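Taken in sequence, the protein lines are chains A and B. First residue of the first sequence: 116, per the numbering used here; consecutive thereafter. First residue of the second sequence: 100, per the numbering used here; consecutive thereafter.
Treat the hints as calculated values from the structure; they're not laboratory data. You may find that some hints are simply not true.
What the hints assert, rightly or not - Restraint-style ranges between C-beta atoms, simulated for each label pair:
1. A:Ser-118 <-> B:Gly-152: 29 to 35 Å
2. B:Gly-139 <-> A:Lys-192: 22 to 28 Å
3. B:Pro-138 <-> A:Thr-187: 24 to 30 Å
4. A:Lys-192 <-> B:Gly-102: 26 to 32 Å
5. A:Thr-187 <-> B:Asp-125: 35 to 41 Å
6. B:Asp-172 <-> A:Glu-123: 34 to 40 Å
7. A:Ala-116 <-> B:Gly-162: 21 to 27 Å
8. A:Ala-129 <-> B:Ala-181: 41 to 47 Å
9. B:Pro-138 <-> A:Ser-118: 31 to 37 Å
10. A:Ser-185 <-> B:Gly-195: 28 to 34 Å
Since the model is a prediction, treat every value here as computed from it, not as a measurement. Cβ atoms here follow ideal geometry from the backbone N, Cα and C, with glycine treated the same way.
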Amino acid sequence: AQSVAQPEDQVNVAEGNPLTVKCTYSVSGNPYLFWYVQYPNRGLQFLLKYITGDNLVKGSYGFEAEFNKSQTSFHLKKPSALVSDSALYFCAVRDGGTYKYIFGTGTRLKVLA
Amino acid sequence: NAGVTQTPKFQVLKTGQSMTLQCAQDMNHEYMSWYRQDPGMGLRLIHYSVGAGITDQGEVPNGYNVSRSTTEDFPLRLLSAAPSQTSVYFCASSQGTSGYTDTQYFGPGTRLTVL
Numbered sequence: 116a117q118s119v120a121q122p123e124d125q126v127n128v129a130e131g132n133p134l135t136v137k138c139t140y141s142v143s144g145n146p147y148l149f150w151y152v153q154y155p156n157r158g159l160q161f162l163l164k165y166i167t168g169d170n171l172v173k174g175s176y177g178f179e180a181e182f183n184k185s186q187t188s189f190h191l192k193k194p195s196a197l198v199s200d201s202a203l204y205f206c207a208v209r210d211g212g213t214y215k216y217i218f219g220t221g222t223r224l225k226v227l228a
Numbered sequence: 100n101a102g103v104t105q106t107p108k109f110q111v112l113k114t115g116q117s118m119t120l121q122c123a124q125d126m127n128h129e130y131m132s133w134y135r136q137d138p139g140m141g142l143r144l145i146h147y148s149v150g151a152g153i154t155d156q157g158e159v160p161n162g163y164n165v166s167r168s169t170t171e172d173f174p175l176r177l178l179s180a181a182p183s184q185t186s187v188y189f190c191a192s193s194q195g196t197s198g199y200t201d202t203q204y205f206g207p208g209t210r211l212t213v214l
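Build out the structure end to end from the sequences listed, making use of the hints.
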């Protein structure tokens, strides 16, 4: 069975500091991994995804994520946080052999000025 | 392109009532899906479709029906609403199901309250 864990409900970081939002996953086949962001009262927006290839994936708004197969992790990172990055972030996984996506419970990122 | 549209934005139902949440996309996407978002639970997949005439169950399908008669539309039907179905519902679509076409685009959501 597929599963995704986001161990932190909330992450606080000062503006200008690097940020990390954690995600670990479990799938039986090849994982397709995604990060989405949700701003208040809006739908989810795609940030980036990993299919295959380079373990470091670059996405929108300066975000990147590192795929680590041995640790089954896909942590979201940004070198310098902005107040406007404050939002709810979701990690999602799809086993390449299925059409079903599993989302994590979400991590609220708060960037403090 | 309007992208993925959902109607209504808000809805209040009484227990036992039925209703249909509408979802449409104008991007000629093959894959469409419905999720519900509940506090502390993230998004959970209700039903999905990989093309017109083809639907399947997701993680939490009980109490919901779907059909896909056209590529553009993917309505979600609540058969007999229950308070446990109070949630925010999101529709999403993607071009396809390969690793290169499966980025999902989400609608703005429908906030449903069942009294």
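We went through each hint and held it up to the structure:
no. : hint                                : verdict
1   : A:Ser-118 <-> B:Gly-152: 29 to 35 Å : holds (31 Å)
2   : B:Gly-139 <-> A:Lys-192: 22 to 28 Å : holds (25 Å)
3   : B:Pro-138 <-> A:Thr-187: 24 to 30 Å : holds (26 Å)
4   : A:Lys-192 <-> B:Gly-102: 26 to 32 Å : holds (28 Å)
5   : A:Thr-187 <-> B:Asp-125: 35 to 41 Å : holds (37 Å)
6   : B:Asp-172 <-> A:Glu-123: 34 to 40 Å : holds (38 Å)
7   : A:Ala-116 <-> B:Gly-162: 21 to 27 Å : holds (22 Å)
8   : A:Ala-129 <-> B:Ala-181: 41 to 47 Å : holds (44 Å)
9   : B:Pro-138 <-> A:Ser-118: 31 to 37 Å : violated (19 Å)
10  : A:Ser-185 <-> B:Gly-195: 28 to 34 Å : holds (30 Å)
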